[in-house]
Every structure is written in structure tokens, then in C-alpha cells.
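Participant: Spelled out, the chains give:
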Amino acid sequence: MSEEKQVGIVLVSHSGPVAEAVAELAKGLAAGGATAPVAAAGGTPSGGLGTSAELIAEAARKVDGGVGIAVLVDLGSAVLTVKAMLAEGDELPDGARLVDAPFVEGAVAALVTASAGGDLAAVEAAATEAYGYRKL
Amino acid sequence: MLDVDFFRRWMAAAAAAVDREADRLTELDSAIGDADHGSNMQRGFAAVTAVLEKEDPQTPGAVLVLAGRQLISTVGGASGPLYGTLLRRTGKALGDAPAVTDQQLAEAFASGVAAVGQLGGAQAGDKTMLDALLPGVEALGTSYAAAREAAEAGATATVPMQARKGRASYLGERSIGHQDPGATSSALLIATLAESYERGGGGS
Numbered sequence: 788m789s790e791e792k793q794v795g796i797v798l799v800s801h802s803g804p805v806a807e808a809v810a811e812l813a814k815g816l817a818a819g820g821a822t823a824p825v826a827a828a829g830g831t832p833s834g835g836l837g838t839s840a841e842l843i844a845e846a847a848r849k850v851d852g853g854v855g856i857a858v859l860v861d862l863g864s865a866v867l868t869v870k871a872m873l874a875e876g877d878e879l880p881d882g883a884r885l886v887d888a889p890f891v892e893g894a895v896a897a898l899v900t901a902s903a904g905g906d907l908a909a910v911e912a913a914a915t916e917a918y919g920y921r922k923l
Numbered sequence: 153m154l155d156v157d158f159f160r161r162w163m164a165a166a167a168a169a170v171d172r173e174a175d176r177l178t179e180l181d182s183a184i185g186d187a188d189h190g191s192n193m194q195r196g197f198a199a200v201t202a203v204l205e206k207e208d209p210q211t212p213g214a215v216l217v218l219a220g221r222q223l224i225s226t227v228g229g230a231s232g233p234l235y236g237t238l239l240r241r242t243g244k245a246l247g248d249a250p251a252v253t254d255q256q257l258a259e260a261f262a263s264g265v266a267a268v269g270q271l272g273g274a275q276a277g278d279k280t281m282l283d284a285l286l287p288g289v290e291a292l293g294t295s296y297a298a299a300r301e302a303a304e305a306g307a308t309a310t311v312p313m314q315a316r317k318g319r320a321s322y323l324g325e326r327s328i329g330h331q332d333p334g335a336t337s338s339a340l341l342i343a344t345l346a347e348s349y350e351r352g353g354g355g356s
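Just so you know, the protein sequences line up as chains A and B, in that order. All residue numbers for the first sequence refer to the working numbering, where the first residue is 788 and numbers rise by one. All residue numbers for the second sequence refer to the working numbering, where the first residue is 153 and numbers rise by one.
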């Protein structure tokens, strides 16, 4: 385990349970090595399907250690909301970045890499590389 | 000149219009989307009305920036960041002038529409908001009435299109034959701009 600050991970889904479950899955698969902070921001504050800028901003604040935040998203409004928040400039902490990655596989790769002490670029590269993981 | 009251009237008229048309927007969205466009827009613009009341912005740009930010944080669907970006970028382009000319608004709105295109990655003909916004903003250089007509014609013209962006694109050819809900609400937004101008006498 590193004493250094680690990159934070935010998982944004249309569904609260999906975001929470993917966070749990990533922590579980990181097998005891999951030391980097990860937070889920799924669904609307009232528990419905959708995307909430408020929940995303809260999750980002929670995992912000000052060395970057990788934001992974599922689709549609999750992608657009994070992009619009980043364009604003002050709704997310400095160093927050939207990472182009498959949601589940990317989350696992990102958390493992961040927990191993990878910087934001390394976390982003690992998450994006998950697109290359073929199943057939 | 268009002063801060003009922009407040526009936002109030937009809130009233999405309230009035919510059922229709949701009905259009139930054909090719997830049947929440009307209620999402209603919730977003109700929040815009509330925040404008509470924070009382003093310039045209500040009204639109605040309205846009509020849409992004309250809508919960893709229309939130898209309309939020449209208004916020338009507002930023207006700067902090106490009043703006028709020409300045037309140019600022064009930059807002361009930002929507950049955010969503859609182009003309993809059966999206842009199919009403692009012709609307182009005609805005002529007159508000022309912009309203062009945006409405643009929304109607989405009926035979096949969706290439957003959830409706998953439907492939089955998206043909339905008017796009986003283009419809975009035409409403431009119609309320024209309405605010005609009613309020936007100035010389």
C-alpha cells in the first residue's frame, strides 16, 4: 500500500444500483489491493433512472485526493452531463477527467491501476485499454 | 436593445410553453425514446423559474448562464446538459453587458447552438434538437418571426428522418415517421423567444 495520494474513481450510471454494484465488483476484483477511493454516482437523487449532476459532484469531492479523478460513465445523459460539467470549469474538482472506457471492465482496470499508485494518465490508459479485451 | 427583463420574459415564456406542451413532448418521446422528455423539461424549467426568482441576476448573460446551469443540474436526462449548454454558452457569449442588440443575441445564440453540436456530436439530419436549432439560428439574423418559422419547419422535417444519435438511433428504421421530441422542444424555445420579443417590444 502506498502512502502517496491516489487517483480517485467516479462511476456514473443511469442506475444507482448499477453504479454501486460496479464499484463493489471493482473493489472485489482488486482483491484486497483496492486502496484507491472509488465512489458511485448513479441515478437521480430520488432513486430513479437518470443522471444527477449533484450526485456526480458529490462523488467527485469524496474521492478527490488532489492527484486527479477518473470519471467513468455508461451512456447517453451520463456522458453528456459529465462533459457539460467539465466544460463549466468549476462544478468538478481540478484534475477530474472523463475517461473513454467500457463501464464495467474499465472500472476494474482503473481501480486496480489507481490502487497500484498509477497516475491519472496511467489510470486512463488502463481503463481505455479495457476496450481491447475481447471475449471471443 | 434587449435588457434583462426581456431575457426573464423569455425564460418565463419557455417555462409556460413546456408546461403547456409537456404531454405532447412526452408522447413524442414515448414513440422513439423513454417517455420522459415532457416531464424532464417541465422539471428543468420550473427549477429555472425558481432560481431566477431567488438569485435575481442583473444582466442578460447572467440570466442565461444561471438558467443553463440549473438545467444541467436538475433535468436528469440528456436534454439537461444539452439545453443547459445551449443557454449557458449563449449567456457567456453575451458577457456582462446590461443590454444587448438583436444582432448580439443572434451571434451568441449561434455559439450556443454550436456548443450543443460539439457536446452531442450530432449533425444536421441526425433527427435531433439541431434540426430545429440550426435553421432557427440561421433565420434569427433576419427576424424573430422567421426564426420561429424555420425552427418549426425544421422540427416537422424530422418526421421522415432516421435517428442517428441518442437512444432513438437504436431503433434504426423504426425511428422513421415520428417527430423528434428534442427538435420539437427546441422549436418551442425559439417560438417563446419570438413571443417574448413581440409581446414585450424587445426594443428598437
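Calculated from the structure, these hints are not laboratory results. Among the hints, a few may not be true.
Claimed, not checked - Computed Cβ-Cβ distance ranges for the label pairs, DEER-style: (1) Gly835/A - Tyr322/B: 54 to 64 Å; (2) Leu873/A - Ala183/B: 45 to 55 Å; (3) Gly329/B - Pro832/A: 52 to 62 Å; (4) Ala183/B - Thr915/A: 31 to 41 Å; (5) Ala298/B - Ala908/A: 43 to 53 Å; (6) Gln210/B - Pro804/A: 11 to 21 Å; (7) Pro804/A - Arg351/B: 39 to 49 Å; (8) Lys849/A - Ser295/B: 27 to 37 Å; (9) Asp248/B - Pro832/A: 26 to 36 Å; (10) Leu923/A - Asp248/B: 49 to 59 Å; (11) Ala912/A - Arg176/B: 40 to 50 Å; (12) Tyr918/A - Ala251/B: 30 to 40 Å; (13) Ala202/B - Gly835/A: 14 to 24 Å.
Glycine included, each C-beta is placed from N, C-alpha and C at the ideal position.
Participant: So, for every hint listed, does it hold in this structure?
Facilitator: Comparing the hints with the structure gives:
1. Between glycine 835/A and tyrosine 322/B, the C-beta spacing of about 21 Å breaks the proposed range 54 to 64 Å.
2. Hint check: leucine 873/A to alanine 183/B, Cβ distance near 32 Å, so the stated range 45 to 55 Å is violated.
3. Checked against the hint of 52 to 62 Å, the C-beta distance between glycine 329/B and proline 832/A comes to roughly 36 Å, which is inconsistent with it.
4. Between alanine 183/B and threonine 915/A, the C-beta spacing of about 36 Å keeps the proposed range 31 to 41 Å intact.
5. Between alanine 298/B and alanine 908/A, the C-beta spacing of about 49 Å keeps the proposed range 43 to 53 Å intact.
6. As the Cβ distance of glutamine 210/B to proline 804/A is approximately 44 Å, the hint placing it in 11 to 21 Å is violated.
7. Look at proline 804/A against arginine 351/B: about 47 Å separates their beta carbons, and that is inside 39 to 49 Å.
8. A C-beta distance of roughly 50 Å is found between lysine 849/A and serine 295/B, which places it outside the suggested range of 27 to 37 Å.
9. In this structure, aspartate 248/B and proline 832/A meet the distance hint of 26 to 36 Å, their C-beta atoms being roughly 32 Å apart.
10. Restraint check, leucine 923/A to aspartate 248/B: a C-beta distance of roughly 57 Å satisfies the suggested window 49 to 59 Å.
11. Taking 40 to 50 Å as the suggested C-beta distance range, the pair alanine 912/A and arginine 176/B conforms, at roughly 47 Å.
12. At roughly 50 Å, the beta carbons of tyrosine 918/A and alanine 251/B sit outside the given window of 30 to 40 Å.
13. As the Cβ distance of alanine 202/B to glycine 835/A is approximately 20 Å, the hint placing it in 14 to 24 Å holds.
Going down the numbered hints, you'll see the structure goes against 1, 2, 3, 6, 8 and 12, while the others check out.
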